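A.B. asks: Chains as they are written, first to last, in our numbering: chain D, 1 to 106; chain P, 1 to 106; chain Z, 1 to 106; chain U, 1 to 106.
Just so you know, these hints were derived from the structure itself, not from any lab. No experiment lies behind these values; they were computed from the predicted model shown. Please note: incorrect hints may appear among the correct ones.
Stated by the list, open to error - Taking lysine-lysine and the DSBU-like style, the derived pairs with C-alpha atoms no more than 35 Å apart in a straight line are:
no., chain 1, residue 1, chain 2, residue 2
1, Z, K83, Z, K71
2, P, K95, Z, K97
3, Z, K2, P, K102
4, D, K83, P, K95
5, P, K86, D, K2
6, P, K102, D, K90
7, Z, K95, P, K90
8, D, K71, D, K2
9, D, K55, Z, K2
10, Z, K97, Z, K55
11, U, K2, D, K102
12, P, K55, Z, K90
13, Z, K90, P, K83
Claimed, not checked - Listed next, the stretches of chain P that the computed footprint assigns to chain Z, with coverage defined by at least 3 CB atoms under 8 Å from CB atoms of chain Z:
no., segment
14, 30 to 39
15, 42 to 54
What the hints assert, rightly or not - Each pair of labels, with its calculated beta carbon distance range:
no., chain 1, residue 1, chain 2, residue 2, range
16, D, Q3, U, K86, 26 to 34 Å
17, D, E4, U, L51, 20 to 28 Å
18, U, S99, D, E89, 43 to 51 Å
Note that beta-carbon positions come from the ideal geometry of N, C-alpha and C, so glycine has one too.
Number of protein chains: 4
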Amino acid sequence: MKQETLERIRRFTTDRDWDQFHSPENLAKSIVIEAAELLECFQWSGSEFDLQHVKEEIADVIVYTQDLLDKLGLDADEIVNMKMEKNEEKYPVEKAKGSAAKYDQL
Amino acid sequence: MKQETLERIRRFTTDRDWDQFHSPENLAKSIVIEAAELLECFQWSGSEFDLQHVKEEIADVIVYTQDLLDKLGLDADEIVNMKMEKNEEKYPVEKAKGSAAKYDQL
Amino acid sequence: MKQETLERIRRFTTDRDWDQFHSPENLAKSIVIEAAELLECFQWSGSEFDLQHVKEEIADVIVYTQDLLDKLGLDADEIVNMKMEKNEEKYPVEKAKGSAAKYDQL
Amino acid sequence: MKQETLERIRRFTTDRDWDQFHSPENLAKSIVIEAAELLECFQWSGSEFDLQHVKEEIADVIVYTQDLLDKLGLDADEIVNMKMEKNEEKYPVEKAKGSAAKYDQL
C-alpha cells in the first residue's frame, strides 16, 4: 500500500486512542472475524455475490492485518518473502502443478 | 507491498497452474482458514506466543488476500481508502475516543 | 448427546486440569479454530472431501462447544429453542421458502 | 439434545425448503461464520461480554453443526466418542496435566 494509506490506517487508531485495545491477540481475533464476514458474502453461493460488500470486507481484513504488522513492528514485504521462500520449497512446480493437494500429499 | 513481492505472489500461482482453484469463494475460505491458524498462535494465551509462527501465518493471510484482490481486479489502496472513509464517519473521534464499543452502541 | 458422552468430555478436561485454560474467550477462539479446520476439508472442492477427516473436525467443534456450554452453565436445548423461536419469526415460511436471502433482504 | 429439539431444527429447514442450500461445504462455511460471530462477543475483552448474545451465537453454531450431522447422516455420540478416543491417546494424563502445549510439544 501507499505510504499515505498506511498513515491513514495508523492515524485512525491513534486519533481514537484505540492502541490500548490492539493487543496482538485482539487483532488476530479481529482478522478472523472480518475474514468470516468476507466469507459470509459467499455463504450460499460462490457465483452470486455483492462485489461492493466483498470490497468492504477485504478492506477490513487488510486494515486489521496492517494494525497487527504495526503492533509487532513487522514489514509485510519481509515476512511475505520469507514465507514465499518456504512455500516455493514445499510446493515444487514439477510436483504441485495443477494439483490442489496439500504438500504432505504431493 | 513492493512490486517485486506482488510479482512473486502472482508467479507462484501461475507457475503451478493454480489459478483454476482460485475462485473468489475458495480464496475467501482460504483467508479465514489462515486467519484461524494465526489465531491459534494465541489460543490459550495472549501474551506467550511464537513470533516466528505468527509471522508465517500473517504472511499466509496477506498472500491469499492479495490473490483475492488480483482475482477480482481490485486495488488495495482504493478499497482501503473507500472503507476508511466509512469507518471515519461511523466512528467520529469525539464519540469513539478510548471506547471499544461498536458504532451502533456509541 | 448421551449423558455418558457428556461425562467423557468433562472428565477429559478435569483429568488434565485444563479447566484453568477454558475461559469463555479461549473456548470461543477454540471453536472458531476447529470450525476453520472443518472448512479446510472443503477448501478447494465442495464435492471431494475426506469424510473421516470431516467427522473428526465436526467432533472437535462439538467438544469445544460443549466445554463452553459447561463453562457458562448453559443447557443446549434451552438456548437452541430460544434461538429457534427467534429464527422462526425472522424467517417466516411464506417469505423465506426456497430463498437463501438474509432476513433483512426478504 | 432432546429429540424434539432435533426435530424442531430439522422442521425449520424442511418447512423453508432450505435443504437445497445445505451442502456440506455451505454448512461448514456457516459454522465458521457463526463461530466468528460468537468470537466477536469477546473481540476486545475476555471478561466483559453480553451473555444473551453469547447464548444466541452458541445456539447458531449448534444448529448448523446439527444440520451438517444430518446432511452427512452422522451421529454426534458416535463421532465424539471416536474423537475422544484419539484425544485421550494424544494427550496422556501424566504428560498433559496442567499444560496447554499441543500434543507434538508435550
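A.B. asks: Between K83 (chain Z) and K71 (chain Z), does the CA-CA distance stay at or below 35 Å?
C.D. replies: Within the cut-off at roughly 19 Å; holds.
A.B. asks: Keeping to a limit of 35 Å between CA atoms, is the pair of K55 (chain D) and K2 (chain Z) held or broken?
C.D. replies: Violated. K55 (chain D) to K2 (chain Z) sits at ~45 Å, over the 35 Å cutoff.
A.B. asks: Against chain Z, does the segment 30 to 39 of chain P show at least 3 residues with beta-carbon separation below 8 Å?
C.D. replies: holds (count 7)
A.B. asks: Quick one, are K2 (chain U) and K102 (chain D) close enough, alpha carbons at most 35 Å?
C.D. replies: violated, 39 Å
A.B. asks: Between the alpha carbons of K102 (chain P) and K90 (chain D), is the straight-line distance 35 Å or under?
C.D. replies: violated, 41 Å
A.B. asks: With a C-beta cutoff of 8 Å, work out whether three or more residues of the segment 42 to 54 of chain P approach chain Z closely enough for the coverage to hold.
C.D. replies: With 3 residues closer than 8 Å to chain Z, the segment 42 to 54 of chain P meets the three-residue bar; holds.
A.B. asks: Can the restraint linking K95 (chain P) and K97 (chain Z) be considered satisfied, given a maximum Cα separation of 35 Å?
C.D. replies: violated, 42 Å
A.B. asks: Range hint 43 to 51 Å: satisfied by the CB atoms of S99 (chain U) and E89 (chain D)?
C.D. replies: violated, 32 Å
A.B. asks: Given the hinted pair K83 (chain D) and K95 (chain P), is their Cα-Cα distance within 35 Å?
C.D. replies: violated, 40 Å
A.B. asks: Check whether the Cα positions of K2 (chain Z) and K102 (chain P) lie no farther apart than 35 Å.
C.D. replies: violated, 39 Å
A.B. asks: Does the alpha-carbon distance linking K55 (chain P) and K90 (chain Z) stay inside the 35 Å limit?
C.D. replies: violated, 42 Å
A.B. asks: Kindly confirm whether 26 to 34 Å is satisfied by the beta carbon distance between Q3 (chain D) and K86 (chain U).
C.D. replies: Given a distance of about 50 Å, which is not inside 26 to 34 Å, the answer is violated.
Hint compliance for this structure: hints 2, 3, 4, 6, 9, 11, 12, 16, 17, 18 are not met, and every other hint is.
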